[in-house]
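> Build the full structure now, drawing on both the sequences and the hints.
Chain residues, written in single-letter form:
2 protein chains.
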Amino acid sequence: MVKSPYKELEKYFRRIGALNEVLGILNWDMAVVMPSGAAENRARQIAEINLIIHEILNEPEIKDLLAEAESIPISDKLMKANLAEMKRMYVHSTAMDASLVSALTETSTNCEMCWREARSENNFSGIKKNFEYLLSLVREKAACKADALDCSPYDSLINEFEPGIKQSEIDILFDDLLRILPDIYHRTLERQKRVPSPVHPKGPFSIESQRKLGVQMMKRLGFDFDHGRLDVSLHPFCGGSPGDIRITTRYYEDDFTQGLMGVMHETGHALYESNLPKKWRLQPVGQARGMTIHESQSLLIEMQICRSTEFIVFAAPLMRAAFGGHESLWEVDNIASLTRRVIPNYIRVDADEVTYPFHVILRYELEKALIKGDLLVSDIPSAWNSGIKDFLGITPPDDGKGCLQDIHWFSGAFGYFPTYTLGALAAAQMAATIRHQNPDAQELISKGDFKVFTDWCARNIHAKASFLGTNDILVEATGHSLGTSDFHKHLESRYLA
Amino acid sequence: MVKSPYKELEKYFRRIGALNEVLGILNWDMAVVMPSGAAENRARQIAEINLIIHEILNEPEIKDLLAEAESIPISDKLMKANLAEMKRMYVHSTAMDASLVSALTETSTNCEMCWREARSENNFSGIKKNFEYLLSLVREKAACKADALDCSPYDSLINEFEPGIKQSEIDILFDDLLRILPDIYHRTLERQKRVPSPVHPKGPFSIESQRKLGVQMMKRLGFDFDHGRLDVSLHPFCGGSPGDIRITTRYYEDDFTQGLMGVMHETGHALYESNLPKKWRLQPVGQARGMTIHESQSLLIEMQICRSTEFIVFAAPLMRAAFGGHESLWEVDNIASLTRRVIPNYIRVDADEVTYPFHVILRYELEKALIKGDLLVSDIPSAWNSGIKDFLGITPPDDGKGCLQDIHWFSGAFGYFPTYTLGALAAAQMAATIRHQNPDAQELISKGDFKVFTDWCARNIHAKASFLGTNDILVEATGHSLGTSDFHKHLESRYLA
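Chains as they are written, first to last, in the working numbering: chain R, 6 to 502; chain Y, 6 to 502.
Simulated from the structure, these hints should not be mistaken for lab results. These figures come from a predicted structure and were not determined experimentally. Heads up, a few of these hints could be off.
Unchecked claim - Heads up, incomplete: computed chain R residues facing chain Y, CB under 8 Å, no partners named:
no.	residue
1	A23
2	L24
3	V27
4	M39
5	S41
6	A43
7	R49
8	E53
9	R199
10	D231
11	G233
12	L235
13	S246
The beta carbon of each residue, even a glycine, is placed where N, CA and C say it ideally should be.
Structure, rendered in structure tokens:
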């Protein structure tokens, strides 16, 4: 019997799938539990696994099998979509030679470890040399991939995280936001001045109580602790792999909201991963569609659900039970106003949803310039500081609270930042659809019942994995492709109604 | 220029070294932090990495390079020893085909997870089917390796853990012990009857205080927390890799000695790993020599140092500071007698050094019979119980405290058990040498100074890695090959003097 080239490919990609799960654990371990002195070893381990994936994709047989498989009509839509994703993965991998892959993974892991030090010491110059080398490798990668994908270098980088959206489309969406947001921002600040400031429940909030409350919320949202964990890391993330999902947050003893909202945000990512179709778990098409959809899932939970008044009605008594303190502090209006306060913040991950896009758009503009060669590494701190000043009217006191705050660039991730705000737009669009289709959805939140939202996402988003493109998923689920209008309406209604 | 076949081999083995480090992390993660539902995924991940190592070793080029390298005289002794270790690894790997390797790793991981349940439920029948299948695969492996190594099937399994010692030698050493030990055991029990029982300091001993005391001791012994961690697992172990050493223990709130001695024991393993020569870290010859030497290092710390009166002189005030309670409880005589109490125990890892060898020798006899086919899986519980009854005069109340207590068989490890007691013999032999060469070594322990011991080991044992065979290391370091006489003298002097 003649072997099916498609089925042969599935075997190879199943192996790659398992190796990607291994990377998920190595990366989680590095961020959460690894002793600092093991960084160099870990860089080598991760480089080795990446190299093996690269070698598998570069075996001559893969090229032949892909060509054969593409020459045979495939009637099964899912298999067809999987073949397309295999091809995409193949193109991304074969665009670079092994030495570049190896140098990139080793350098990015080293630079990331160096960033941890530089950030804690507020010392940009400590990372400059490392980062310049990393950037040169990233630009080399972008050039290779631009050739292979027939697009611009920066588009080729976006494509790694978000294959469905191009720079030209992002430019339009972000220009739109820059027209809308400054006005909303300033009107919100004005409005806040006219109402009494919320009262902060007084800490310290014990880490253990914060953790327990987080776990309670995760369970409510459907997080399965038999297949996942909650831990602490410097930068919250959702890692591991479907079936073993590791989310992290960070706790502050004087402010419980950040740790809790971190948990809710990452739980949104976790639900997406855990609901991906089991049957396709190790195949390319079974993976999450891209970072726009991924971020929409975390923001749907964090911003659309958990910062709504209905959620606070549900959560305030639980917060009070967890932390104690006078009843009046835990009144719904007070907590709602606390979690929805718009304040210019140096730190992106602590920013509210009105000012957050400014952080993202600034990074986006700077990274486009870095990749193009229009911005020097040594000019990053001043470019960052002046951008933040222009957008938010504040100047970061040091680089740790400025350009060094985010891990992405320093671990080699460029083209990632725009997806945060694209995700916010998508989340608003999905939430508007859910509320339109289910008039009682929002009210149920006040009873701690999130199933209308989570079930809708499981059915309309998670189950789609990578069978469709980003915009096709959105069109099928919400009726139209990605835009700014639902986000705009959401901000108007939440902050200015 | 012609490529050196030896140097080419080093490149391959460097990759295998990095993959073995990855396995170290995956295994640690599985035992310490992994959620239970991820077991199947993890089995597949570990199987995939093992398969890749197997594939590398089975590449036709390796066979050719080994043949070429062996045909050229190598003047460098270290390189020559490395080549010999490469060959050993190659023979172990190529003796089995890929499907057997894959079935073994997947089945052993599954069986290990199943064992966790069966043990907690005291239910041997719950694991019987899984274990019968695993045993059949292990016997298949033993047959393949016996062919390749030209030895008996059981010797081929010992060879995985302890390449320097054969069943025929172990039989002689263990027969010796069976002549010596029953008499020592009974005389010690008699003697204990005549002296007042030690008073247990009253718990509960908080886990946090136990942990802190353990960390304090680890630092004293030279454990480097920049390159390692201390965690909790069901069965204490030393994992990870040199440069990132992960030891575990388990704590009991009503008895701090077990958790603490677990820490000291695993720290002995950790020091060995961390002192292996850095230059050879990823090469076969740079690895620990075998489990006899490994276990000698943990027992040198735990038994030879930490259960000595001098150590208690040093540690008792620290214990008192950690846990509080009346001064009289922390008197040296009381604690010394507490940590050196000989009591027949169902549980091997909780056993004292007099009764411990009985557990090992029983497992050794049973596993020889299992591999030979003279013992059925279904007969294990009764065989175990009657053996323990014969040796120690007690009958385990259930299988959890009987044949199910140890992870080894159920994760596929046969031929491992004898090394525990071989290690105890080696530790006594080394300690006797150290004390003979350094008359003040023992006295320094009472000041918390362990450097005479740890430096001697670093120089005479750790630095030797796998450059020499087990007995050659012992002969160079102690003047004679492995025997029972120093262990015999040690027990006489500690328990009966």
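> Please check whether R/R199 passes as an interface residue: C-beta within 8 Å of a C-beta belonging to chain Y.
49 Å, violated
> Quick one, is the R/V27 hint okay against chain Y at 8 Å, beta carbons?
5 Å, holds
> Please check whether R/L235 passes as an interface residue: C-beta within 8 Å of a C-beta belonging to chain Y.
11 Å, violated
> Using 8 Å as the Cβ threshold, decide whether R/S246 counts as touching chain Y.
Status holds, d = 7 Å.
> Identify whether the interface hint at R/M39 stands, where standing means a beta carbon of chain Y within less than 8 Å of its own.
7 Å, holds
> How about R/G233: closest beta carbon in chain Y under 8 Å, or not?
6 Å, holds
> Does R/E53 meet its interface restraint, that is, does its C-beta lie within less than 8 Å of any C-beta in chain Y?
Because about 4 Å separates R/E53 from the closest Cβ in chain Y, which is inside the 8 Å limit, the hint holds.
> Holds or violated: is there a CB of chain Y closer than 8 Å to the CB of R/R49?
The hint holds - R/R49 has a Cβ within 8 Å of chain Y, the shortest such distance being about 5 Å.
> Taking 8 Å as the limit, does the beta-carbon of R/A43 come near enough to a beta-carbon in chain Y?
3 Å, holds
> Would the stated hint for R/S41 survive a check requiring a Cβ distance to chain Y of less than 8 Å?
6 Å, holds
> For the hint on R/L24, does the least C-beta distance to chain Y fall short of 8 Å?
6 Å, holds
> Can R/A23 be said to touch chain Y, with a Cβ gap under 8 Å?
4 Å, holds
Hint violations for this structure: numbers 9, 12, all remaining hints satisfied.
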